[in-house]
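Residue numbers (the numbering used here), protein chains in the order written: chain A, 1 to 252; chain B, 1 to 185.
Source of the hints: derived by calculation from the structure; they are not laboratory data. Since the model is a prediction, treat every value here as computed from it, not as a measurement. Ideal Cβ positions, reconstructed from N, Cα and C, are used throughout, including at glycine. A few of these clues could be false.
[Unchecked claim] To spell it out: a stretch of chain B is covered by chain A in this simulated footprint if at least three of its residues, at any positions, have a beta carbon under 8 Å from a beta carbon of chain A; those stretches are:
1) 155-164
2) 172-178
[As the list claims (entries may be wrong)] The list that follows gives simulated cross-link-like pairs (lysine-lysine, BS3-like), each with its CA atoms no further than 27 Å apart:
3) B:51 - A:162
4) B:158 - A:194
5) A:169 - B:179
6) B:158 - A:157
7) B:158 - A:236
8) B:66 - A:162
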Amino acid sequence: AVVSTQSTGNYHTFSVSSPSLILTQLLVLCDISLYSLNTHFLLLIFFVYIFNFSFFSLTFFGLIMSSKLVSVNIVDRPLTKAKTEVSLSAFAFLFSELVQYSQTRVHHINDLERRLADVGVLVGQRVLELYVWREKSSKRETKLLGILSFVYSTVWKVLFGKQADSLEKSTEQEDEYMISDNTMLVNRFISTPKDLGGLNCAAFVAGVVEGILDGAEFPARVTAHSVAVEGQRIQKTTKLIKFNPEVIERDK
Amino acid sequence: SSGINAEYGGIFCKQHKLCFFSIVIAFSLNTTTHFKTQKEMVIFSLYIINKAGSLIYQNDFSAIPKLGGNDYLRLGSTFHGLHAIATTFLPVTIMSGLDPGTLGGSSGIELLEADTFKLQCYQTVTNVKFYLTADPSHPNLDQILHTVYELYTDYVLKNPFYEMDMPIRCELFEIYLDKLFQNEN
């Protein structure tokens, strides 16, 4: 008797190839802890009972059940999902394609950075909503340093797996702050050619930060720059955050 | 001058003897300087050839005399040609459309050994060829070739500014290659 069960995320695919009633019952009971879709549970038991006498229809039904369970609408999935990871190579190829796609639609490098930033703004607005909800803190951030430390620690940790390397306040201008990262994940495999000098694909991440700050009512302009570090040939990336004047006024 | 004394490395084929000899001469002339004093395993250079047969990357990792840019291109194309010819060496009847390597025939040149150098080639499933020239007693060239292939897939193929089959001009690729060969040499 071969019964295989797989659980992927919140939904459960169940494929049975043996007609043994007791065995399937036992296994279904064992899998109770894995079920998170209770509405489908009773339905499954019902079907397992009825069709357990026939070898072929059970296998067939298993396939149908599994396809029914897999197609859960993305809006119905619970928000407090366990942490899932995506392969770095998959992301790198997707991001590389995003850059190439934008490159075919612009005439200037600045426009390319602007396009990447625009994509980032859309991502940033959603990141803000989701992670503020997941953090479950009762109060909304109203202080400048509060929202900056949220970006610096929480957002960086969920997006890149680690906190940003440093948060600095500019000494000359009081409305400028800088978040830097020595090894920016999005830039890890990208070497910009010399003739496109100045372009930094971390403009996408700058857009994410801008989206977050905008959504949290701290309007700012965020740009990405590469800063050379002595002793290393790979440059570190800095996001320069320039807040609008009303934000600084408000914070005083 | 001892570099001219080259062995054929086990491939005996009368009609291809001349071009084979020429490529061995070319590589050994390139690698003749002051090796007798060095005893350690040194890797001389890396060549990468795209599927069309043109050289897309060449770099030297130890002190060997530099040839001109065109000479490197010529070396690359000659090797590509020989690699292709080597698939016809074994007398296996080839059905149309099938790769000779899958029928037990030859899939090209993998190793070329001479008195003063050793050349190991790795052909990927996408017909990109990576080959290294090194000291004849170097033990694990194929491992290094696999690492180079990994670096290629990471820092060249994931680079949005790299066009397929064009010469490789990716800074990160060169940085990591330098690091790899500094550890090796």
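Hint check:
Residues of the region 155-164 of chain B with a Cβ under 8 Å from some Cβ of chain A number 5, which satisfies the need for three, so the listed coverage holds. Taking a C-beta to C-beta cut-off of 8 Å, the region 172-178 of chain B contributes 3 residues in contact with chain A, enough for the three needed, and the coverage statement holds. Of the supplied pair hints, the one linking residue 51 of chain B and residue 162 of chain A is violated, its CA atoms being roughly 40 Å apart against a limit of 27 Å. The hinted pair formed by residue 158 of chain B and residue 194 of chain A meets the criterion: a straight-line CA distance of about 18 Å does not exceed 27 Å.
The hinted pair formed by residue 169 of chain A and residue 179 of chain B fails the criterion: a straight-line CA distance of about 35 Å is larger than 27 Å. Restraint check: the Cα-Cα separation between residue 158 of chain B and residue 157 of chain A comes to about 23 Å, which is no more than 27 Å; the hinted pair holds. Annotation: proposed proximity of residue 158 of chain B to residue 236 of chain A holds, straight-line Cα distance about 19 Å (limit 27 Å). Taken as a hint, the residue 66 of chain B and residue 162 of chain A pair is broken in the structure, with Cα atoms around 45 Å apart against an allowance of 27 Å.
Violated hints for the displayed structure, listed by number in ascending order: 3, 5, 8.
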